[in-house]
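Enquirer: Just so we're aligned: 212 in the UniProt record's numbering is position 212 of the sequence shown, and the numbers increase by one with no gaps anywhere.
Think of the hints as simulated: they come from the structure by calculation, not from any bench. Just so it is clear, the structure is predicted and the values come from calculations on it, not from any experiment. Every residue, glycine too, gets a C-beta built ideally from N, C-alpha and C. Watch out, some of these pointers could steer you wrong.
Unchecked claim - Derived BS3-like pairs: lysine-lysine, alpha-carbon spacing no greater than 25 angstroms straight-line:
no.	residue 1	residue 2
1	K135	K176
2	K33	K198
3	K137	K102
4	K208	K102
5	K9	K107
6	K35	K107
7	K177	K9
8	K107	K30
9	K135	K69
10	K45	K35
11	K35	K198
12	K42	K14
13	K137	K198
14	K9	K30
15	K69	K176
16	K33	K177
17	K135	K177
18	K102	K45
19	K42	K222
20	K42	K30
21	K55	K129
22	K9	K45
Claimed, not checked - Cβ pair distances, simulated, as ranges:
no.	residue 1	residue 2	range
23	P195	K135	20 to 28 angstroms
24	R136	G178	16 to 24 angstroms
25	E124	G187	36 to 44 angstroms
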Amino acid sequence: MLTLEIEGKRDARKIRGEMGLGDGSIDVFKIFKEKNISYAKKPLKSNISGMFLRKGNVNFVLINSSKTKGHQNFTAAHELYHILFEEGQTGSVCVAGIFEQKSPSEKKADYFAANFLMPAETLELELFKRMGSSKRKPDFPDLLYLEALFGVSHSVMLIRLQQIGVLDDDDILRFKKGIINEAVKYGYDISLYLPTEKDIIVSDYVEKARVLLEEGIISEGKYEELLIEAGFENVLFGEEVQEYEDC
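Just need the whole structure built from these sequences, with the hints factored in.
Expert: The structure is reproduced here in structure tokens:
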């Protein structure tokens, strides 16, 4: 029986192969566009990473922009797994990048995202380019380089390097804190390690939520919850706007 980690790796390779992505770094949001997946980025008050909704052939992803930019990229890959491989699901709220969730679905989505964004062979090749045949362990400059290249958070990169046997528990403790100061020291862009806090809508979120309500897929309470969580309180509580004859 295959483990969730092996299944996640297999599925990541499958999608990379089908889309002709090779083994290099990728932009998941461009893949959303190619796959006709609508998405929005909203600063949310809760600790969730994101969520996805599905109605028929329509898929929508919400990303919490209160999380760091690197975390958002990982969340996007996590949600991509749910959309591509869990056709029976109509939606899910996710906390991504933990790898220890009780839910097999969430754990497998994390393994998929890790392998999809950071194939082991590519990570090892990039480390070899920097370190050659040296027996030394990666240091902060190496981590910063990899995180910038693959567009992921520091915490996820540490977990991924431990998964492929490059780092151990002691290394994780040593590298766990101080990444922003190290990025400044070595001249790397720190935006990857900061929340974006932006409202970006590449979708028709409110319309899709309304359709789900009208077709009985979600309740009135769930509809209101979705709109409030995504910052669309004005749709529910805004004053009625005057209509004009020539509008």
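Enquirer: For every hint, state whether the structure bears it out.
Expert: Checked hints:
Between the alpha carbons of K135 and K176 the distance comes to roughly 22 angstroms, so the proposed pair stays at or under 25 angstroms and holds. Between K33 and K198 the CA atoms are separated by roughly 19 angstroms; this keeps the pair inside 25 angstroms, and the hint holds. Among the hinted pairs, K137 with K102 is inconsistent with the structure: their alpha-carbon atoms are about 32 angstroms apart, more than 25 angstroms. Distance check on the hinted pair: K208 and K102 sit about 30 angstroms apart at the alpha-carbon level, beyond 25 angstroms; violated.
A threshold of 25 angstroms between alpha carbons decides the hint, and for K9 with K107 the separation of about 12 angstroms falls inside it, so the pair holds. Annotation: proposed proximity of K35 to K107 holds, straight-line Cα distance about 23 angstroms (limit 25 angstroms). Between K177 and K9 the alpha-carbon distance is near 28 angstroms, which puts this suggested pair outside the 25 angstroms criterion. At roughly 24 angstroms between alpha-carbon atoms, K107 and K30 fall within 25 angstroms of each other, so this suggested pair holds.
For the given pair, K135 sits about 32 angstroms from K69 by alpha-carbon distance, which is inconsistent with the 25 angstroms threshold. Proposed proximity of K45 and K35 is contradicted: the alpha carbons are some 29 angstroms apart, above 25 angstroms. Restraint check for K35 and K198: satisfied, since their Cα atoms lie roughly 23 angstroms apart, inside the 25 angstroms limit. Proximity of K42 to K14 is assessed by CA-CA distance (about 30 angstroms); at most 25 angstroms being required, the pair is judged violated.
Taken as a hint, the K137 and K198 pair is broken in the structure, with Cα atoms around 37 angstroms apart against an allowance of 25 angstroms. A distance of roughly 21 angstroms separates the Cα atoms of K9 and K30; the hinted pair therefore holds under the 25 angstroms criterion. Among the hinted pairs, K69 with K176 is consistent with the structure: their alpha-carbon atoms are about 18 angstroms apart, no more than 25 angstroms. In summary, the hint linking K33 to K177 is not supported, as the alpha carbons are separated by about 35 angstroms, beyond the 25 angstroms threshold.
Proposed proximity of K135 and K177 is supported: the alpha carbons are some 24 angstroms apart, at most 25 angstroms. Of the supplied pair hints, the one linking K102 and K45 holds, its CA atoms being roughly 23 angstroms apart against a limit of 25 angstroms. The straight-line distance between the Cα atoms of K42 and K222 is roughly 18 angstroms, inside the 25 angstroms bound, and the hint therefore holds. Of the pairs offered as hints, the one joining K42 and K30 holds, with about 18 angstroms between alpha carbons and a cut-off of 25 angstroms not exceeded.
At most 25 angstroms may separate the alpha-carbon atoms for a hinted pair to count; K55 and K129 exceed this at roughly 45 angstroms. Straight-line distance between C-alpha atoms of K9 and K45 comes to about 32 angstroms, which puts the hinted pair past the 25 angstroms bound. Taking the beta carbon of each, P195 and K135 are about 38 angstroms apart, not inside 20 to 28 angstroms as hinted. Separated by about 20 angstroms at the C-beta atoms, R136 and G178 satisfy the suggested range of 16 to 24 angstroms.
In this structure, E124 and G187 break the distance hint of 36 to 44 angstroms, their C-beta atoms being roughly 25 angstroms apart.
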